[in-house]
Amino acid sequence: MPSAGIAPRRAVQLAALFAMMVAFTAQLVGALLPVIPLFIAASVVNLGLDLVLQHKQPGLLAVLGRIRFDVTVRQLLRDMLILVGLLHIDGINPLEEQAPLTITLLLFYGTHFVCQAVAVLVRRTRSMPFVTRNIDASALRLCDAPPRILSRQTGRRLLRFSVPTTVGMMLTSITTDAYWGGIGLAVSLTLSAGGTLYLGTWLLPKKRVASEKQALAWLDNWLAEYRPTVGMYFSGGSSSAYQANMWLSTLASLDGNPIIVLRERFMVQKIEATDVPIVCIPKVANLMRLEHSTLKVLLHPANSGKTSQILRIPSIKHAFTNHGESDKLSSCNPYAKAYDEVWVAGPAARDRYQLADIGVEDKDVIEVGRPQLAPIEPIQRQDAPADRMTTVLYAPTWEGWDGNPGNTSVILAGENIVRELLADENVQLLYKPHPMTGSVDPRAGAANTRIQAMITEANTRRSGERPGPEAAAELARRTEALNALTTSAFRKSADELERMRLQGTPEEGRAAAVAAAVTAWEEAYWKSFPRWEHRIITTARPGIFSCFNQADVLISDVSSVVSDYLSSEKPYAVANTSGMSEDDFRANFPTVRAATILTPEADGVAGLLDAVRDPEQDTLAAERAELKEHLLGPSDPPSSVRFNQAALDLCAKADERRIRMENRLSGIPGQRSQEDMDASETAEHEASGASDTTAAV
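59 is the number of the first residue of the sequence shown in this note's numbering; add one for each residue after it.
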């Protein structure tokens, strides 16, 4: 359980803080009495402990900062105690020996504060009004970032540069010779002054990147040159990136010039490998520049607080695609009224919006299918040996924001379902919980932890033949090849601008190479462990579709996972933790119409497994085929074709609006359309050229 791990961690943190307070006290006592061994030991331990905590527990030290006991105050106090200690040690002349040490120490702190000021200036000059990826931004004069210890890690810089001072002062305490303290201070002062001068070179023209005005002008020029037509707009937290990533391949395959528009700077690196140009524009004022671009359509896989800001641009048509479809109320959010169109998979979602009565007109609902489901393999109906392993994928959704107990089965039914599956010797369990499980309700996180512990313990009771070492070697090789294609090797000191430079225009054919590498990696992954071993999958890779293809049956909740899995027409089950009767549950949630319904006690698991193992007992096969078309739409024309046509149609509507607006403006005295003004300027230019030619003749 999470709480079991939190308590020891807090105890360690409190012990570290207590040890630091003891070290300060011991240093003070050793300096005043004086007790030289205690004084030296406390001074060294005090600095060493701070250095360790800066690396291991920076959040803990941030607490001290909130009570005005930050790293600068702590180090200054340590150094003052050292000077006090030297005053009390016989053999050290305060005027002739300690005064120069004190003056040098003050110079060291002076350079430290100057370095801080320079670091602030450097960070400001290296802050662009936008961040890009997959775009050649070399015209912005991008260069490598300065070392982090100089530009960003103020605390670590002060502590590390203070080490020579502390060592020298301790040697002076032992030998009563101020020479050693002077050497240590000189080294620290040289490091601090030299670091400040080196950091200052990033303020010189050679390393100074484009100004904000120049950068925005470059962005306008790039938009005019690239001429984007359709894009995806996304804003959200770090754990929500999957909502955008599932649309990358679909966006890349659309006709025209696609683009991805983000709002959070950190999200640029959360987007998976793609060749589509990415532009992150945090400020609303700069976002409005898209109004003057050729962008016609933006697709929205999620609602967010910042979505309303982009909807203010009337020249762009907006379509809500959602990041999945389910029967949950969240799939029919009234916010959908704000979009020009709502794109859904099939008739079921269209009916859902009309039944929800939230103001979305039926004419604005467009059925486009689910183009990203193409990798899901259809069911292979064949008799299987009785002792064949049945692979069960348990993929529960998360608890949601509304506290509805029917959202996730993890809390009420998860452990019961897993217990039933683990009791069957011929079941291989793949457990893939939603990445946001436990983010709202701690009970879900605790149940998730217990389920994983149950699966781990069950594996210890199983044995059998394992793949040879060549399987693990192949997976390692495929992992390395995939990482080389999908990740960029950044220095630890790399900042946004350095990453922009390194993540410029992608190589031709990279997208196809990434797709092939992912397929090869997934094949190697599934071959790297035996069929009898249960798996806990909490990483992004292998993806849910790859898990679908491995599974014989799915157990999930009312979520988009069920709708997507239906494209395979394989058997599936849905846990009913809503408190409804089974009849009401089926009536309220059409996606479970062809499902086996499991109770919170996991009743129904045995019958589900029998239906998977014996096709004659699978009485829901015909209903699954019918429900598949109801949820996902027809197979002909393919979803990718329908999705692309919907994008083209919405682009045409955007063009029609622009023409109407230009015609209206052309009829207002003093107002002319852009085309009229361009034509007028061209005519004037030609006339001027003709006049010049005549004059020359």
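Hints are supplied without guarantee of correctness; some may be wrong.
Okay, derived cross-link-like pairs now, DSS-like style, lysine-lysine, Cα gap no bigger than 30 Å in a straight line [unchecked claim]:
1) 364 with 328
2) 341 with 265
3) 550 with 585
4) 114 with 395
5) 364 with 421
6) 264 with 364
7) 341 with 328
8) 550 with 264
9) 271 with 421
10) 711 with 421
11) 421 with 395
12) 550 with 271
13) 114 with 264
14) 395 with 341
15) 550 with 341
16) 364 with 265
17) 364 with 341
18) 114 with 341
19) 585 with 265
20) 550 with 328
21) 550 with 711
22) 585 with 364
23) 364 with 395
24) 395 with 328
25) 114 with 421
26) 328 with 421
Since the hints were made in silico from the structure, they are not lab data.
- Broken hints, by number: The structure conflicts with hints 3, 4, 6, 9, 13, 16, 18, 19, 21, 22, 25, 26, although it agrees with all the remaining ones.
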